[in-house]
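4 protein chains.
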Amino acid sequence: MKGQKRIRDYGIRIGSMETGRLNSITDVQGVHVGHCTLQGDDINTGVTAIKPHQGNLFREKVTAASYVINGFGKTMGTIQLEELGTIEAPIVLTNTLSVGTAHQAVVRYMLQQNEDIGDTTGTVNPIVCECNDGYLNDIRGLHVKDEHVLQALEAAGEEFLEGAVGAGTGMTCYGLKGGIGTASRRILLGTEAYTIGVLVLSNFGRKNDLTIDGFKAGQLIYRLDKEKELSSDKGSVIIVLGADIPMTHRQLKRVCKRTAAGLSRTGTHFGNGSGDIVIGFTTANKVKHYEAESFIGIRALNEKRIDEVFRAAIECTEEAVLNSLICADTTKGRSGHVIHSLKEYISEIALNK
Amino acid sequence: MKGQKRIRDYGIRIGSMETGRLNSITDVQGVHVGHCTLQGDDINTGVTAIKPHQGNLFREKVTAASYVINGFGKTMGTIQLEELGTIEAPIVLTNTLSVGTAHQAVVRYMLQQNEDIGDTTGTVNPIVCECNDGYLNDIRGLHVKDEHVLQALEAAGEEFLEGAVGAGTGMTCYGLKGGIGTASRRILLGTEAYTIGVLVLSNFGRKNDLTIDGFKAGQLIYRLDKEKELSSDKGSVIIVLGADIPMTHRQLKRVCKRTAAGLSRTGTHFGNGSGDIVIGFTTANKVKHYEAESFIGIRALNEKRIDEVFRAAIECTEEAVLNSLICADTTKGRSGHVIHSLKEYISEIALNK
Amino acid sequence: MKGQKRIRDYGIRIGSMETGRLNSITDVQGVHVGHCTLQGDDINTGVTAIKPHQGNLFREKVTAASYVINGFGKTMGTIQLEELGTIEAPIVLTNTLSVGTAHQAVVRYMLQQNEDIGDTTGTVNPIVCECNDGYLNDIRGLHVKDEHVLQALEAAGEEFLEGAVGAGTGMTCYGLKGGIGTASRRILLGTEAYTIGVLVLSNFGRKNDLTIDGFKAGQLIYRLDKEKELSSDKGSVIIVLGADIPMTHRQLKRVCKRTAAGLSRTGTHFGNGSGDIVIGFTTANKVKHYEAESFIGIRALNEKRIDEVFRAAIECTEEAVLNSLICADTTKGRSGHVIHSLKEYISEIALNK
Amino acid sequence: MKGQKRIRDYGIRIGSMETGRLNSITDVQGVHVGHCTLQGDDINTGVTAIKPHQGNLFREKVTAASYVINGFGKTMGTIQLEELGTIEAPIVLTNTLSVGTAHQAVVRYMLQQNEDIGDTTGTVNPIVCECNDGYLNDIRGLHVKDEHVLQALEAAGEEFLEGAVGAGTGMTCYGLKGGIGTASRRILLGTEAYTIGVLVLSNFGRKNDLTIDGFKAGQLIYRLDKEKELSSDKGSVIIVLGADIPMTHRQLKRVCKRTAAGLSRTGTHFGNGSGDIVIGFTTANKVKHYEAESFIGIRALNEKRIDEVFRAAIECTEEAVLNSLICADTTKGRSGHVIHSLKEYISEIALNK
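Top line first, the protein sequences correspond to chains A, B, C and D.
Residue numbers for the first sequence follow my numbering, beginning at 264 and rising by one.
Residue numbers for the second sequence follow my numbering, beginning at 264 and rising by one.
Residue numbers for the third sequence follow my numbering, beginning at 264 and rising by one.
Residue numbers for the fourth sequence follow my numbering, beginning at 264 and rising by one.
One thing to keep in mind: the hints can contain errors.
Identical copies go unnamed one by one, so any copy, or any two together, can satisfy a pair.
[What the hints assert, rightly or not] Only pairs whose alpha carbons sit at most 25 Å apart, straight line, appear in this in silico SDA-like list of lysine to any residue:
| no. | residue 1 | residue 2 |
| --- | --- | --- |
| 1 | Lys595 | Gly385 |
| 2 | Lys516 | Ala555 |
| 3 | Lys551 | Glu571 |
| 4 | Lys551 | Phe321 |
| 5 | Lys551 | Asp382 |
| 6 | Lys268 | Gln482 |
| 7 | Lys265 | Glu422 |
| 8 | Lys616 | Tyr273 |
| 9 | Lys265 | Leu424 |
| 10 | Lys265 | Gln302 |
| 11 | Lys549 | Gln292 |
| 12 | Lys549 | Leu452 |
| 13 | Lys606 | Asp272 |
| 14 | Lys549 | Gly334 |
| 15 | Lys479 | Asp272 |
| 16 | Lys516 | His552 |
| 17 | Lys268 | Ala613 |
| 18 | Lys567 | Gly318 |
| 19 | Lys314 | Thr546 |
| 20 | Lys616 | Arg276 |
| 21 | Lys268 | Met280 |
| 22 | Lys479 | Arg271 |
| 23 | Lys606 | Thr593 |
| 24 | Lys606 | Phe478 |
| 25 | Lys616 | Leu483 |
| 26 | Lys595 | Asp382 |
| 27 | Lys567 | Arg403 |
| 28 | Lys616 | Gln482 |
Since the hints were derived computationally from the structure, they do not count as laboratory data.
With the hints as constraints, model all of the structure from the sequences given.
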């Protein structure tokens, strides 16, 4: 976004469904995304924050679900998310060794906004996700601080950059520069249109496995490449899925699970060393912290209509990964490591596809 | 029921909550239970059927959940139950080697009632649960036939026998005669009263572990006993939980999980060889097979009120196990094996408690 | 096999790894597969049996795991499989309404082979899996009988047919004739070569989603097709994965989970109405029923080497699905329904790919 | 320990198995426990650290498993623990809002000890568990700092205090002062003796539910009490289980699950608002970070012997909870809140039991 050339701008259209206005998770009404990028010398890291809505999230929780594709990861907050089926704090993404810091920052942010937490009511459950950017970033330096998390939260809006930005600054995907990518789809259910969007933090995959809309781009890149070294399939990917479709936790979890199919179409084998985690929410069916009634009315999807939602989740995920690659610039980082951008190969790929 | 002397009739009151009218799972409006008992020579087995409501269950499914306490068991149908959160056929209990037969019988029963199944619509998912009654029953003889399942289904009503009857005919629990037991509790949520009930098929536990309302009855029995042999903690227990409380699948699953606490208060260690499975449903929030709308309205419990439901599930389970014991008569079975009734010890227990 | 022309014979090579001798699950030493096919008038159904080894499986269980990709299915036996991590009876595949019959037949078969079951030792846990062949088969007729299961068990050997045979006789996959398919891969781990194989019962997918090695074959077929009707993504797929690689239950479960990536590369969205179940076993680390020792030595894979096993599982699954399609002949069945073979389109696909 | 009067010293013996030398988790060879206690004015909080062995835990990981009894909790690190079946960093317990801080401190501690982490090898997965001590502690003040975590780690040894100490300083259990408690059991498996131990951080339960060895102590306390207010069943409990028994991840997970039975015997209903999490490890079957071999030999328990391990886990858990209560002194904290010690009632209980 924000003037960046995305995968569709190269004539590559994933799937058949209509996109949202921005082709972004922020097409889901109320969802905002913000970054804080840290760069300099050996530092290539940052924070990305996703706010599910613009009200008080602790007081009006969103229905949520998570799914672990491969669990070699350190994401925090999913135990409670799964038990209660809600998210009550912004979702924050950062590097693996900074999740504790990010957690602490979200706690401070939530305490500031809610005087009741830890005083007259219970505590709060931050959702913090991560990938390991240690190849390009001095991850041992623990450069992410409280204020960077707050900056990402404050920067959150409808339009945001993709690629090597925020938590994606130092990430590597299919041996190329990865990072933040997003996409969305519109779905007609009954007489109304709904939106589903995905944001990925991409940091997984082996270079010669990269597949673009069925084309084995990675093998071409590998042949073009001078370096000829095979990366291994490790690193992780975080998938945040947002929707405005009325669903229960169980239904939403089924949708989250489908994102794995989108990932796998980009070529991955869900390597052992990868933490592949999905966090999903819907802005329908909000749950009040101070609910006075004994029972609450919610709306559930007629499960026979869920196939289109599955398809949309898969299309979004595949496209979001490709956007994360094509928007990311070649990056030089820690110890002189360089990771090249997909942009350097895209015209060759377009010729051969 | 039906004139049987139950654990409360011996002055033992489990917990503090009010019971339903019959203190039975059938206190949940519409739930019926029926038995078919097979006895003679080496045969001590049977079938118990639970119908969640009296309409067409395939066309009006009940919201459901399951929970595996210990999975050394052969219960059928839980994969789909968990994926879709519904039950669409009566729940049938029988012996371990007859689950296939019972499954086939339920299929026939459902095909007869629904001409669309397997023709113009999909198939059907029977729920068949089991315990191993091989100590008292010639289980290798495969004596349960299609017609016995149908007889149990046809016999289903509000009042039913407990103890050594139906699927419970040959079961052994804490080294004593076990089988079918039930109990229920009433809960006030908001301004309305709701009912939760549990039916157990008890076939687990080691004799000297039996605990009755905190009293180590098993150790007393063990001392009184001439035989002095220690049974091992294997066999299995099936717990069927019914309610009329509006809940989602996720909430109901949490309630199902609590029944383990009720079981453990009767003294069990959830032995390796035991298949301890919980099947739960609520008659609120029915799901139509031919739903025309894209979205359906359902009611969910305000989760802050769920503690009373947890407590009720635990009380019901503990009491249902004790009812299964105290209602069961001493039984002689395969190869002359004899399993004694708790009744033989209950006055001694009452004196010492 | 047995002279059938498979997907490789059309020049389509899935992945980069070496296949086993037969490119079949039976390349895993000791694994045998047998079919019983029922065909005539409205009948198109059958049974396929997989034996993990040729000894007494109850006395020497194989280490096993399962994974539910989508749970709209009626597979039996996975609760115990997951709790104990073993399989102790042949795996049997058939149609959805015949799983009870198949279960009963396997019980009889196991009782006959093991006089101790249900007498001096516990019971047995059959693994029965299914797909719904109701479009081509009179599934309401319940045509599968005990003897058909036994015939499949007796027919089991190293070489077996693929396509519209055994349990695959009436199955439909991507709107084309599906059924049984298999593939295998060889892996060098340390100094030794190991084998992993997959057998699928394919009955899933929407016609225009079919993807063959990245090529959107389904869209081509859809354009070529006169009928132009869109099938929906329901039906199910069963994936049986066998290996001779020393792994624990946990490791094997991780491998089972990867087969979903292989499936998704053939184009599926894991539709709501599909029961997509994986059953995996390894012939290494057998578990004795009458183990005398308190502890047993087993061998586990160094988890850093598991990526190659993941890759092999994915390649096998993708190729097995394609083999199930290309080996299946056009089939006419119930009510005159006809499902065409991929063979009718393959030359056109080869031209356009 | 360290001269504290424990529940056995009041004549209350839980279960029938033999305890270890110290009746502590540290009876498992190599396990050390340390506290850092923060107290003053409104502050009642702290940190407790458990080291599974005294070597380099990152280089020699322990086989591990976790189990969520009720997931209203914020424990970190279980996603990877479950995927890989190992623990590679000390387990740290603290208050709910300080888990981020504790995570960061463990990261620093591990980076200092391992120069390869985040440089030439991957990252590290801290296990941080929590309960909410907000009733007695100014939890909003975020008083736990990095150095307190390091102090707890440095203080770790075989003998340690129980009750209102370390992470237990501000915890409340059954309306009484709770905190840290421990217990152990010895088991003969084959010809050798093994040890299993449990450490709890207790912060759950409603006052009148407390059950001590079957006796409804809570009801007595409630009658004796002047205040007569009913606490609700929220707060959480963390259960850390250590053993030296050769087991696989799957077996250990089964053992972890049994601790719920021990908990439930103390009277809890696993309330909605409670995060009840179990972390288990065995010092047998260590996993090397730099394993050179493709396969590793491990020892597994003959599953038929696992019942005694289940029983031990249950006995340890029940006794550890009681030790956490009886060792804790009456504590005055935030806003003048006072929580009384079980000691004030124990003689009355002993008289009535």
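To see whether the hints hold, each was checked on the structure:
1. Lys595 with Gly385: Answer is between; shortest inter-copy Cα gap is 20 Å, intra-copy 45 Å.
2. Lys516 with Ala555: between (27 Å within a copy, 23 Å between copies)
3. Lys551 with Glu571: between (29 Å within a copy, 20 Å between copies)
4. Lys551 with Phe321: So Lys551 and Phe321 pass the 25 Å test inside one copy only (8 Å; across, 34 Å).
5. Lys551 with Asp382: The answer is within: 18 Å in one copy meets 25 Å, while 45 Å across copies does not.
6. Lys268 with Gln482: This pair counts as within: shortest intra-copy Cα distance 23 Å, inter-copy 28 Å.
7. Lys265 with Glu422: within (7 Å within a copy, 59 Å between copies)
8. Lys616 with Tyr273: both (12 Å within a copy, 21 Å between copies)
9. Lys265 with Leu424: For Lys265 and Leu424, the Cα distance is within 25 Å only inside one copy (6 Å; across copies 56 Å).
10. Lys265 with Gln302: Intra 20 Å, inter 52 Å, cutoff 25 Å: intra-copy only.
11. Lys549 with Gln292: within (14 Å within a copy, 31 Å between copies)
12. Lys549 with Leu452: both (20 Å within a copy, 21 Å between copies)
13. Lys606 with Asp272: within (12 Å within a copy, 37 Å between copies)
14. Lys549 with Gly334: between (28 Å within a copy, 20 Å between copies)
15. Lys479 with Asp272: both (19 Å within a copy, 21 Å between copies)
16. Lys516 with His552: Both: 22 Å inside a chain and 21 Å across chains, each within 25 Å.
17. Lys268 with Ala613: The answer is within: 15 Å in one copy meets 25 Å, while 34 Å across copies does not.
18. Lys567 with Gly318: between (32 Å within a copy, 22 Å between copies)
19. Lys314 with Thr546: The answer is within: 11 Å in one copy meets 25 Å, while 37 Å across copies does not.
20. Lys616 with Arg276: both (13 Å within a copy, 18 Å between copies)
21. Lys268 with Met280: within (20 Å within a copy, 36 Å between copies)
22. Lys479 with Arg271: both (18 Å within a copy, 18 Å between copies)
23. Lys606 with Thr593: within (8 Å within a copy, 46 Å between copies)
24. Lys606 with Phe478: both (16 Å within a copy, 24 Å between copies)
25. Lys616 with Leu483: both (10 Å within a copy, 17 Å between copies)
26. Lys595 with Asp382: Between copies only: 16 Å across, 47 Å inside.
27. Lys567 with Arg403: Between copies only: 23 Å across, 49 Å inside.
28. Lys616 with Gln482: both (12 Å within a copy, 17 Å between copies)
Consistency with the previously given hints is maintained throughout, with no hint failing.
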